[in-house]
Amino acid sequence: MSELLRVRDLKIGAHVIPPDGDPFDIEIVHGVSFDLKKGQVLGLIGESGAGKSTIGLSALAYGRGGVEITGGEVFINGSDILKDSLGNLRKLRGHVVTYVSQSAAASFNPAKKLMTQVTESCIQHNLCSQSEAEERAVTLFRKLGLPEPETIGDRYPHQVSGGQLQRVMTAMALCPQPDLVVFDEPTTALDVTTQIDVLAAIKEAIRDTGVGALYITHDLAVVAQVSDQIMVLQNGNTVEYGDTEQIINRPAEAYTQALVSIRSAEHAEKLPTDAPVLKVDGISARYPGTKFDVLDDVSLELRPGQTLAIVGESGSGKSTLARTITGLLPQRSGEITFDGRGLTQTLAERSKEDLRELQMIYQMADVAMNPRQTIAMIIGRPLEFYFGLRGSERDKRVRELMDEIELGPEFLSRYPAELSGGQKQRVCIARALAAKPKLIICDEVTSALDPLVADGILKLLLNLQKIEGVSYLFITHDLATVKSIADTIAVMHRGKVVRYGPKSQVLSPPFDDYTDLLLSSVPEMKSGWLEDVIAHRKMESAGN
Amino acid sequence: MSFVVIKLVSQRIALGLLLLLAATVLIFIGTQILPGDVAQSILGQSATPEALANLRRDLGLNEPALNRYFSWLGNALQGDLGTALTNGKDIAESISGRLQNTLFLAACAAVVSIPLAIFLGLLAVRYRNRWPDKMISAITLATISVPEFILGYIVMYFVAVKLQWLPSVAIVRPDMSVFDRFEAVAMPVIVLTFVVLAHMMRMTRAAILNVMESAYIETAELKGLSAFRIIASHAMPNAISPIVNVVMLNLAYLVVGVVVVEVVFVYPGMGQYLVDHVSKRDVPVVQATGLIFAAVYILLNTTADIIAILANPRLRHPK
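These protein sequences, in sequence, are chains S and L.
Heads up: the first sequence at position 75 corresponds to 75 in UniProt numbering, and the numbers run straight through without jumps.
Heads up: the second sequence at position 301 corresponds to 301 in UniProt numbering, and the numbers run straight through without jumps.
Among the clues, some could well be false.
[Said to hold, decoys possible] When the alpha-carbon atoms are kept at most 30 Å apart in a straight line, the in silico DSS-like pairs for lysine-lysine are as follows:
| # | chain 1 | residue 1 | chain 2 | residue 2 |
| --- | --- | --- | --- | --- |
| 1 | S | Lys291 | L | Lys7 |
| 2 | S | Lys37 | S | Lys83 |
| 3 | L | Lys7 | S | Lys113 |
| 4 | S | Lys436 | S | Lys483 |
[Said to hold, decoys possible] Sample of chain L residues facing chain S (criterion: CB under 7 Å; computed from the structure):
| # | residue |
| --- | --- |
| 5 | Lys134 |
| 6 | Asn238 |
| 7 | Ser241 |
| 8 | His317 |
Hint data in this document are derived by calculation from the structure and do not stem from the laboratory.
Cβ atoms here follow ideal geometry from the backbone N, Cα and C, with glycine treated the same way.
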């Protein structure tokens with residue numbers, strides 16, 4: 001097999017222009033080398049900031065934003081593309097090398113039909129006629145399992161679902177029959193049950209077309225399904241580079257071992273204790289101006305000092321449940337009992353005590369904090385508001401809270417923008433704890449974080465629960481997270497609770513259809529898992 | 001065409017008509033509170049009280065305001081704008097020629113300036129922050145900053161006096177051929193183009209630059225498309241609504257705001273006619289021109305709204 005891509009000592013820098021201060025240059029990739037043969041798939045894996053997308057885009061000699069390739073060589077089919085003129089690069093991009101991005105929804109032009117965009121590369125590079133390109137596209141749509149392959153191209157991007165759009169993007173990348181496709185987190189934004197279909201479609205398309213691929217992701221279990229080789233990256237350096245089988249089963253480096261073992265954390269479930277701190281009884285709710293119940297007769301209970309995990313995919317109503325409990329969206333029917341007293345439907349009618357005892361932590365820590373306040377002010381605010389603490393008394397309590405979230409006092413004078421994602425989320429946790437709540441609603445608090453950082457946050461939450469005896473209503477789409485934190489689980493689907501009970505019971509067979517689908521869709525860290533699941537599902541649907 | 005679009009467009013049109021009705025009320029009230037007495041100003045200081053009373057009765061000034069409003073509105077709807085107090089001529093008749101002149105001048109200026117502004121905007125985006133961009137911005141901002149009457153005299157000085165290409169006035173007569181008309185309006189068109197260019201060009205530039213930040217522009221770049229194709233084919237269609245809004249505002253200005261340019265070039269348009277009759281306190285003429293200007297403004301802005309609705313694929317092709 002011939003060499004398709006050869007990268008030698010690749011160095012990539014970025015020109016940073018801070019809002020206050022002088023611009024400066026940093027290096028984000030420090031000399032990375034790898035090879036890719038025709039028809040092979042190399043997985044690039046790492047946390048955010050590892051430089052994996054930047055490396056992927058270097059195969060198109062492209063730097064996003066202020067990013068610039070500063071050294072090394074990138075050979076495609078034997079010629080160094082870093083020495084090419086912009087005119088030659090244009091001939092390469094969209095023809096020899098193509099790109100599939102994480103967010104297909106944002107990467108399609110909203111004003112143009114899908115077919116126009118899918119065939120555009122072929123036409124602009126004079127590869128074939130419009131009708132020929134459309135034929136290719138329809139063939140690819142069919143291969144990728146898109147519904148109505150003949151006519152789906154006439155639709156606009158907003159008229160198809162996220163999973164379908166991601167497949168159309170793959171078709172767009174394959175249409176000019178490239179030698180190399182760069183997949184940049186193509187399934188990360190999708191629900192697990194959608195991810196598995198897209199993943200299978202991409203894998204099949206790669207195999208059938210014999211195209212080489214760089215597959216970028218932060219999820220080792222996903223990349224294990226599609227790649228022949230894996231390169232683990234951290235802070236712009238290669239940590240480990242080898243065959244998929246070796247990386248998954250016999251990781252040599254400590255960092256890789258941590259990544260591999262991350263999903264195995266389990267939390268021993270606590271038994272039901274005394275009276276529930278939160279009781280949701282037959283709640284139904286809909287958004288103003290709609291005629292559709294987003295929540296349909298939802299009943300749940302949460303015991304003091306325990307964690308109730310609400311699991312579901314996007315649109316299942318899990319965040320709406322949080323909005324209803326906090327009073328942001330009044331329920332149409334049903335009762336919410338908190339600590340033995342009924343909660344009013346709307347926020348405005350609730351007492352300060354109700355507000356204090358029920359706190360919230362959000363997915364996006366950086367938009368949940370005032371960027372112009374220091375960490376000390378952010379954590380100190382609830383202390384002033386709820387307890388009237390001032391001056392040294394308040395400062396003392398702020399320091400205690402900083403201790404609890406394992407951040408040093410040097411952070412107190414910093415602004416949110418100076419903190420990493422995990423640190424920001426810790427500050428949000430401290431702010432919620434400052435009110436001494438009985439219940440904290442955690443809405444996808446680890447979803448935006450890298451796996452190892454998310455792991456740290458989960459451990460912190462469990463530890464705080466032990467010390468403070470606080471209860472968590474933990475909303476997430478990630479079943480692995482659920483396993484490591486929940487005592488009780490409620491699975492939601494289309495506004496209904498389809499399965500509810502102690503963790504051990506919910507996660508053991510016999511399953512209902514939806515929970516089964518959800519559980520079996522979570523990628524497992526072993527090669528061949530994808531094929532097994534797909535084969536199993538085909539057999540089942542044939543049996544029915 | 002989907003149901004949603006038809007509903008939204010009809011809402012816009014209904015709203016436009018409602019707005020026009022409100023404008024008629026404002027125009028009528030506005031002209032009623034003008035100081036002075038029409039009869040007095042027609043007959044002059046030496047008029048006898050009897051003569052004044054007779055004239056007031058003849059003009060219908062003794063009727064209640066509400067009645068006068070409705071009879072004025074009813075007549076206007078039938079195309080009868082009344083007669084001018086000063087010369088007794090039918091207003092609709094005297095206006096129609098001048099309105100045609102104004103629309104002709106506005107149309108000529110629009111045909112030159114809109115494509116030029118959009119092209120310059122695209123060019124500025126293509127070479128953003130480089131010298132073509134800076135030069136385009138500097139020149140257009142300079143021409144918008146100079147008052148239009150000075151611009152008018154500068155153009156007149158070079159084109160008419162120095163080069164002697166064109167006469168220094170832009171008089172058009174009904175018996176002129178189309179080509180002669182073009183020649184006559186050439187100088188006012190140059191001046192008006194200078195005045196409206198900067199606004200439209202800057203908006204085109206800003207709207208497209210805004211879109212250029214989108215992820216789908218990166219997709220287009222990674223397809224290996226040329227810079228100009230990316231701007232014109234991928235960015236432009238998504239920047240239409242803000243551009244159309246500014247274009248329509250400038251079109252409205254070309255129709256109703258060109259009085260200074262008309263005076264400089266002695267062009268027989270609506271603006272001059274309006275100013276003449278305001279100074280003579282000729283209320284029916286002021287009302288009539290006000291009504292036409294308001295209608296033009298509302299028509300153009302409603303058109304902009306409708307284009308913005310039609311340009312949105314989410315509304316045109318609902319799920």
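Flag every earlier hint the structure violates by its number, smallest first.
5 and 7
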